[in-house]
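S.K.: Sequence:
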Amino acid sequence: MKFPTVRILFLLTPLSLLLSGCNSDLEERVDRLEAELRGVRSDTRDEVSELKNRVISAETTIGISSDGRSFEDRIGQLEASVSEYASMRQGNNGMVYLRPNLRGHAPLNTDHGTFLVRMEGMDLNIETGGYNVHLNIGNPHAIAIEQFTLVGDHGGGTPQLAEGEAYSLDNPKIRKWQESLKPFEYRVTKTLEPFSWTPFDIELTADSREELEMIRFSLRVENARLKRQTAIGGSENPYAHISIDSQAASVLRTEYGAFLITVKGAEKTDLGTRLDLEIGNPYGFTINECRLVGEYGPAIPQRADSTTPEEFSEQMGTWSASLQPFESMVSSKVSNFRWNAASVLIPGPIENVQFLRCQLRVEDVTLPAATDKSR
Numbered sequence: 001m002k003f004p005t006v007r008i009l010f011l012l013t014p015l016s017l018l019l020s021g022c023n024s025d026l027e028e029r030v031d032r033l034e035a036e037l038r039g040v041r042s043d044t045r046d047e048v049s050e051l052k053n054r055v056i057s058a059e060t061t062i063g064i065s066s067d068g069r070s071f072e073d074r075i076g077q078l079e080a081s082v083s084e085y086a087s088m089r090q091g092n093n094g095m096v097y098l099r100p101n102l103r104g105h106a107p108l109n110t111d112h113g114t115f116l117v118r119m120e121g122m123d124l125n126i127e128t129g130g131y132n133v134h135l136n137i138g139n140p141h142a143i144a145i146e147q148f149t150l151v152g153d154h155g156g157g158t159p160q161l162a163e164g165e166a167y168s169l170d171n172p173k174i175r176k177w178q179e180s181l182k183p184f185e186y187r188v189t190k191t192l193e194p195f196s197w198t199p200f201d202i203e204l205t206a207d208s209r210e211e212l213e214m215i216r217f218s219l220r221v222e223n224a225r226l227k228r229q230t231a232i233g234g235s236e237n238p239y240a241h242i243s244i245d246s247q248a249a250s251v252l253r254t255e256y257g258a259f260l261i262t263v264k265g266a267e268k269t270d271l272g273t274r275l276d277l278e279i280g281n282p283y284g285f286t287i288n289e290c291r292l293v294g295e296y297g298p299a300i301p302q303r304a305d306s307t308t309p310e311e312f313s314e315q316m317g318t319w320s321a322s323l324q325p326f327e328s329m330v331s332s333k334v335s336n337f338r339w340n341a342a343s344v345l346i347p348g349p350i351e352n353v354q355f356l357r358c359q360l361r362v363e364d365v366t367l368p369a370a371t372d373k374s375r
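In the numbering used here, the protein residues as written are 1 to 375.
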């Protein structure tokens, strides 16, 4: 009966030795892994500590420049410089500065190109108490600006600065002057025709002319129409639009090139209305015979702010139907490289000859005779 027990003990002894050996190996592996983990933790703490020291050092040194200025001071000066540069760019690229005594024109940059602006003067508006400022904008591009808005401000002249004083908002004098300017926004519905000057008025609110010593504004285009070019380089519409009371020159495009025309006066005659013209010829040939052909009529309607598009379209339709055709010979030759005085006769009464839609038809030209320099 004891044999089975002895046999069982005999079988369990090797198993116990085997398990004991396995436990020993596992304990050694666990000890070894714990030692490696302690080493990794130690190295990581050292690296983290070193990294922390580097960050603290960087945070300490970045705040101080070589000349002793703090980080906040350097950032503030940089922001001020950027603001001043942006202000300068806006003034150079988007604003035109006008003064009553300014002679000639000033350029005005827009996202549709550069236009030319000049101030023709200003008058007191007795009814409103403001001032009507007479402006003239030259459009050298092949696009018609049909609606635009002038956005700017006006005020007295810039203050006199002593030598060495900076023209910037950091200067109290400039800052005070800037705060005294009165802003304005004026929407204009008159079309800036391509290749011509367009006069118009804007009304500004001011207590005296001294508040209009400086007028500056940008031009925001709201509606523009491209003049399509044909295969031979001419315009889709070769007709010039001329307002009789305009002092600006219009462009007459012909197969010989573009000429300039301006109306200098109108006089009633027994046969109709005589228009005194000046025609500019920038070319080397003389036009011996030419004629103006087109339509005439009353002044083109101006759209008021309260007028709806439908109402304005009806006004334009009525006005367009009132135009009458005409054809008139130009009274004199158009010599080369100069302005030429001339006249044409329009068969309508002077009150109905306020607008011309016409083209110049050249019938005969001559070039100067060649000279033989060998003699």
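Hints are computed from structural coordinates only; laboratory data are not their basis.
Ideal placement from N, C-alpha and C gives every residue a C-beta, glycine not left out.
Keep in mind that the hints are not guaranteed to be accurate.
[Unchecked claim] Derived PhoX-like pairs (lysine-lysine); straight-line CA-CA distance at most 25 angstroms: (1) 268 / 333; (2) 264 / 190; (3) 333 / 264.
[Claimed, not checked] Cβ-Cβ distance ranges computed for the label pairs, FRET-style: (4) 306 / 121: 39 to 47 angstroms; (5) 367 / 238: 22 to 30 angstroms; (6) 183 / 111: 14 to 22 angstroms; (7) 100 / 254: 37 to 45 angstroms; (8) 238 / 298: 21 to 29 angstroms; (9) 178 / 327: 35 to 43 angstroms; (10) 365 / 298: 31 to 39 angstroms; (11) 238 / 171: 47 to 55 angstroms; (12) 178 / 284: 12 to 20 angstroms; (13) 160 / 327: 55 to 63 angstroms; (14) 335 / 166: 36 to 44 angstroms; (15) 315 / 128: 19 to 27 angstroms.
S.K.: So, for every hint listed, does it hold in this structure?
M.R.: Now for the hints, and whether the structure bears them out:
For a cut-off of 25 angstroms, the pair hint linking residue 268 to residue 333 stands: about 23 angstroms separates their Cα positions. Restraint check for residue 264 and residue 190: the C-alpha separation of about 22 angstroms stays at or below 25 angstroms, so the hint holds. Using a Cα cut-off of 25 angstroms, the hinted pair residue 333 and residue 264 holds, with the two alpha carbons roughly 17 angstroms apart. The beta-carbon spacing between residue 306 and residue 121, approximately 28 angstroms, falls outside the hinted interval of 39 to 47 angstroms.
Taking the beta carbon of each, residue 367 and residue 238 are about 24 angstroms apart, inside 22 to 30 angstroms as hinted. Range check, residue 183 to residue 111: Cβ separation about 21 angstroms, and the 14 to 22 angstroms hint holds. Judged by the Cβ atoms, the range 37 to 45 angstroms given for residue 100 and residue 254 holds: they are separated by roughly 38 angstroms. The given range of 21 to 29 angstroms is respected by residue 238 and residue 298, whose C-beta atoms sit roughly 23 angstroms from each other.
Checked against the hint of 35 to 43 angstroms, the C-beta distance between residue 178 and residue 327 comes to roughly 57 angstroms, which is inconsistent with it. For the hinted restraint 31 to 39 angstroms between residue 365 and residue 298, the CB-CB distance of approximately 34 angstroms keeps it satisfied. Hint check: residue 238 to residue 171, Cβ distance near 54 angstroms, so the stated range 47 to 55 angstroms holds. Range check, residue 178 to residue 284: about 52 angstroms between beta-carbon atoms, so the 12 to 20 angstroms window is missed.
Range check, residue 160 to residue 327: Cβ separation about 60 angstroms, and the 55 to 63 angstroms hint holds. The hinted window of 36 to 44 angstroms between residue 335 and residue 166 is violated, with their beta carbons roughly 54 angstroms apart. Taking 19 to 27 angstroms as the suggested C-beta distance range, the pair residue 315 and residue 128 conforms, at roughly 24 angstroms.
In summary, the numbered hints that this structure violates are 4, 9, 12, 14.
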